[in-house]
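We have chain A; now place chain B onto it with these hints.
Residue numbers (the working numbering), protein chains in the order written: chain A, 1389 to 2283; chain B, 162 to 242.
Rather than coming from a laboratory, the hints here were simulated on the basis of the structure. Each statement offered as a hint is correct.
Once the Cα atoms are required to be at most 27 Å apart in a straight line, the calculated DSS-like pairs of lysine-lysine come out as: (1) A:K1728 / B:K218; (2) A:K1530 / B:K219; (3) B:K218 / A:K1530; (4) A:K1839 / A:K1819; (5) A:K1653 / B:K219; (6) A:K1530 / A:K1819; (7) A:K2195 / A:K2183; (8) A:K1945 / A:K2118; (9) A:K1397 / B:K219; (10) A:K1728 / B:K219; (11) B:K218 / A:K1397; (12) A:K2176 / A:K2057; (13) A:K2190 / A:K2118; (14) A:K1728 / A:K1653.
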Amino acid sequence: MPVPILVTKLYAPPPSPKAVPRPRLIERLDKGLAAGHKLTLVSAPAGFGKTTLVSEWAAGCGRPAVWLSLDEADNDPARFLAYLIAALQTVATDVGAGASAALQSPQPPAVESILTVLLNEIAAMPDGFILVLDDYHLIDSKAIDHTLTFLLDHLPPPVHLVIATREDPSLPLARLRARGQLTELRAADLQFTPAEAAEFLNRVMGLALSDGDVAALETRTEGWIAGLQLAALSMQGRDDVAGFIEAFTGSHRFVLDYLVEEVLKQQPERIQIFLLRTSILARMCGPLCDAVLLDPSVPGQETLERIEHANLFLVPLDSERRWYRYHHLFGDLLRRRLGKPPELADYHLRACEWHEANGGLAEAFHHALAAGDFERAAGLAEAAWPEMERNFQTTVWLGWVEELPNAVVGSRPGLCVTLARAWTDAGEVDKSETWLQNAERALARETLTDKSKTLPATIALIRGDNAQNVGNLAETLRYTELALQLAPEEDMYLHAHAAITLGFTQWATGDLEASLRALYAWMEDMEEMGNREFAIASVFAMADMLVILGRLGEADKALRQAIRRAEAQGPEAEAVTAHHHLGLALLAHERGDDAAAARHFESAAELGRRTTLIDWHYRWNLAQARLRESEGAWDAALDLLDEAGQTYVKNPIPILRPIEAHKARVYLKQGRPDMAVAWTRSRGLAVSDEVTYPGEYEYLTLARVRLAEGNFAGVDELLERLLTAAEAQKRTGSVIEILLTRALVHQARNDLPQALAALERALAAAEPEGYVHILVGEGDAMRRLLLKFRSVIEKQTAHPLKGYAGKLLAAFPSPIETGSQTAITKQGDGLIEPLTNRELEILHLIAEGHSNAEIGRRLFLALSTVKGHNLRIFGKLQAQNRTEAVARARELGLL
Amino acid sequence: MKPTQAQPTSYEIRVAGHLPPHWADWFEGLTITLEEDGDTLLTGPVIDQAALHGLLKKVRDLGLSLVSVCPVEAEPPAAQL
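The following block holds chain A by itself, in its conformation from the complex:
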């Protein structure tokens, strides 16, 4: 789902043919760029020609320019990032697809992790470009300042950042200055020199002024360009130019006020009226002006073009000459002169109507508010919500509604409910509940209409979400079930939403069978509503549930079926099956079919590049971590687990294997039990704790830590409790793992009969579904136990597990192989800057003779990213090419 983007914000104003050429400034900008400065700061008050200068330079600097005009709404970091990505996509269409997808989620990951992904993609772009952020003074948010500081600190070489602003941004400017990484143009640089003033007044504005007159004007305005432009406009067509200059330079009045009055006086009355009345519009086009003025003698489009031609501070917002705005300063002055005539509300209402009819709900809202029509504004806020929610403007929307009188909001149950939803999305559960209660009061006063009859169910649903937010599963279930009861029969959307919430909540309670039923119901609803892709996509969650239930064969079948259906549906549906291929890869890996696993990983990587599913990066990293772990590449596995944690996007699928617990298990395998013990302490886990299903993985990990410590007190009892719960809920996958842990614990306590008994039960449950890795992954202790088991059952002629035990034993790697892994991460001493793990990984693949494209497919990286890594590897190894890099790495003992 693409983010709705206002394209006029990405429009770089074309260099104006009427602008005064400013070679001295262009030269300074060029020099800064050539010297490799990271940032150009153009900081000066309004009317100093910042935008004009930057756009002229950008057009001629020899690099493509990415332009973003900021406004107050960009104070929301998610929106800022969305626009930043959209702006970057004007020079590189494929940049930031993954980051955009992550931003779509209601609770996106930390801005820095999105930025990191984005910066890596930028680093790999072959050509340099400049990134212009115009009107940065409209940003009043620490979060954005932090984002930008982070961006600057990690700015890859292809990018040069340009900031145009009326006030210095909160960035580490002193540091950049000290390091010589900053080009700075300030008011003193930007003001017109006498020569530039003469050029402007005489050539551009067509006046024939003497040097003395130019000097007088230049002095009076202190080289302020807007002032000079207003002065020039006041003089055009005037007979007594000398008289004007004398009066102007002799006056003590505020320059601007004086000049705007003079400029307006020079215009015909209908143009004056046009300028004043249209000044209430933040941006304008011909038809909008017509709607506001209702005066055929000043046709909108024609008049706008005329005003632009007359150099009257009108800024075009697109290349079709459709949308314009007044120069901010001029607009402010016009609005002040317009004042508050009695007809002002009518102008606003007409502007409101036009915008509403043309889909501009945000602007319609502001005009309704300015007109004092709160009822209309409330209706518009209600209507604008869905789009604003998609457009990350929850905060902005909440700001709007705050401007409405409480009584107006409270009388509209629909708006109350939407407001509650917005507070829930913003994580403010108490405020949400307050507005739900207001909604109920408002509903009690009226009879349900067609429009309001879904509200009771929606209220219950939001309460369910609020309960989920604070981790109260019982309340979540209660309210979601209530929502299902209250939802009108025909409202598929509500039913589906309630069903899926219910399903995921039941999942978190471990009731996988109920959860599966709810998911099936949801998928049927989706099919019926024509959302086949949703139904196909959700099969991966179904497969996850089946795996927990130990039904690997069924999971495999469901995934394959979904992939076939997606292929029949077309490429868009196919892209959602990246998760499915990943699921098949993990299943094949579990069943010991490495070739099939590799194949599915490859398909998953390829589709993953196109997927928009928000948790793709997280799942991919987790799956890779499991693969590396099973290969014994512990450090790589730990890195990938960290990466998974950083790329996690909050979503309703419960986290059943917390990253830190998973890392603790890797530490144990790596022989670093102290790290694993530290984890149990930080989590405050004790074997005597009551454990619910979401804690199962952590407590099984605790049992393993105790096993490694040789501290067995209470461990078997803990495992018994976990086993009882898992068996009651038919979670065979959990049952097998618990039994295997128990077998290892008994083995460590030298209680062989108990160990073998537990192992036999585990094997009996695992055999029909063909589990391999769950045992083989346990390493040498399990191998020894299996060998014992086989020697015991060998005496029996036809033990049903004989063949299975043999197959498993054959799947263990020979003990010598596992020792060689740590050498990989040992760093060579001859390097100035060590290689990162990712770079080492790529280096290995290069040494194995893989092409860049192959490496990209294997590691799920864009080709350009691989090339970027290569350049850094070559740089660090001081090599010119792949062959040299490999030779040098061998010398250093890196390979």
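Coordinates of chain B only, in the frame set by chain A:
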């Protein structure tokens, strides 16, 4: 009498140049005084820091040159006998 926390503080904002008095409502009701030295004083209650920064932004956006900003104590009420 010291103004308590809850009371808005008055501020005196000095800008260079003469700003005509009809600009007063643009600056949310501040009193405009023209000084003989060519500066203009904008004086009046400012409810909090956010409002003060808002005013300073208006000064910035009009391209006015800011000379000084001073909190001033509210006039004490006339002593009652």
